[in-house]
Amino acid sequence: DTAVSQTPKYLVTQMGNDKSIKCEQNLGHDTMYWYKQDSKKFLKIMFSYNNKELIINETVPNRFSPKSPDKAHLNLHINSLELGDSAVYFCASSRLGAFGNEQFFGPGTRLTVL
Amino acid sequence: DAKTTQPTSMDCAEGRAANLPCNHSTISGNEYVYWYRQIHSQGPQYIIHGLKNNETNEMASLIITEDRKSSTLILPHATLRDTAVYYCIRGSGNTGKLIFGQGTTLQVKP
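If you read the protein sequences in the order shown, they are chains X and V. The opening residue of the first sequence carries number 633 in this note's numbering; numbering runs sequentially from there. The opening residue of the second sequence carries number 1379 in this note's numbering; numbering runs sequentially from there.
Just so you know, these hints were derived from the structure itself, not from any lab. Note that the structure is a prediction, hence the values are computed from the model and not measured. A couple of the hints might just be wrong.
Straight-line C-alpha distance at most 20 angstroms; calculated DMTMM-like pairs for lysine to aspartate or glutamate [to be verified]: (1) V:Lys1475 with X:Asp670; (2) V:Lys1381 with X:Glu690; (3) X:Lys673 with V:Glu1436; (4) V:Lys1475 with X:Glu685.
Which chain X residues face chain V? A few, computed with CB under 8 angstroms, are given here [unchecked claim]: (5) Gly660; (6) Thr663; (7) Gly732.
Quick list of the computed label-pair ranges, beta carbon to beta carbon [to be verified]: (8) V:Thr1473 with X:Val644: 29 to 35 angstroms; (9) V:Pro1454 with X:Asp702: 28 to 34 angstroms; (10) X:Lys676 with V:Asn1432: 41 to 47 angstroms; (11) V:Ser1387 with X:Arg742: 22 to 28 angstroms; (12) V:Lys1430 with X:Lys641: 49 to 55 angstroms; (13) V:Asn1435 with X:Glu685: 27 to 33 angstroms; (14) V:Met1437 with X:Glu714: 37 to 43 angstroms; (15) V:Asp1389 with X:Thr645: 35 to 41 angstroms; (16) V:Gln1420 with X:Ala704: 20 to 26 angstroms.
We put the beta carbon where it would ideally sit given N, CA and C, even for glycine.
So that you can see chain V by itself, here it is in the shape it has in the complex (with noise of 0.2 angstroms):
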């Protein structure tokens, strides 16, 4: 049970923001959302993760709902690097147990 939803896929146009939603309505209180990709048969590689508050990195922001049912993550510029699956996940930092669902194929298009 990967307790997150995702669009199974979507298109972006290279340079543009991409943004990525994500549904867990179930979320746990101290249960932090993490954000991951793979790129063609790498690799998972991390992103960015949260609890409550907005955050921001090199690679993106991923902005909560205040009710923190919902999330979205935006790559600001997006490549056709970018091109890739990008799971959103909910994960305890105590354990590091992470669930990885289906994800979101995100394609960039030039």
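Chain X extracted, bound-state conformation (with noise of 0.2 angstroms):
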């Protein structure tokens, strides 16, 4: 059973259009994230929501906006695709607390932008 999937693995679009990725974890976590990997492998946060509240919310532009219906979906929607936006997001996911946290990240997204 996969913890973290993600989906589409792969994709192409055009500039200017509009996209999102999915994110379900069935590990019975709180707690989900958003990560973007550059062309550089710099691995950086964007978002994170506990109980489908935002509470890491980086500096990333507003035409990111994450969703969370629920505890176990995290997803991700993008308007105005630029360029620079292409790179691998990966999702994750864990339990918050004091001592903590594992986080299980996802296969990744391969977003390309042309």
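Work from the hints to combine the two standalone chains into their complex.
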């Protein structure tokens, strides 16, 4: 059973389009995240939701809008795609707690904007 | 600002222990040290984390200095499948925020 799954795995689209990436976790975690890994392999957190509430919102253009319909899902919608949005996007989930947390990552979605 | 410093790359012979150092001299008292790795283009994989004490699990050991300014990840018997980028990260358990740096590319050689 896949713990954290993302769809689609690959996404190729034109500049200016709107697209969504879906993420689901079956681990019963209360927190989910979106990360972006650019062409230089630098991995950066974008958003985090805890129990459907936004708790981390890094400096991300407002063209990116996360949506969490329930604790098991965190989708990423991107409006007016730009060339610089090309990257691999990873979803992750964890339990939050004072004793540290292990994040489980999905396989990634490779977005290419032409 | 990754707030941790790691060597860019390291080599290790297959079957030998791989010792990956990390400097986190400005770590706060409530921040954990996490280690993750990323094999090729897969999603990062959690390895281990600790606060003050040394930790060991089925994958690795984590040695944290008494002043908490540095740590070492030890893979006791490296295999070719351990070739990956290893990230040392400071993070809070309360927010889950992980700030990844450039990591160390570990190449395990036969």
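Out of the numbered hints, which ones does the structure contradict? 3, 5, 9, 10 and 12
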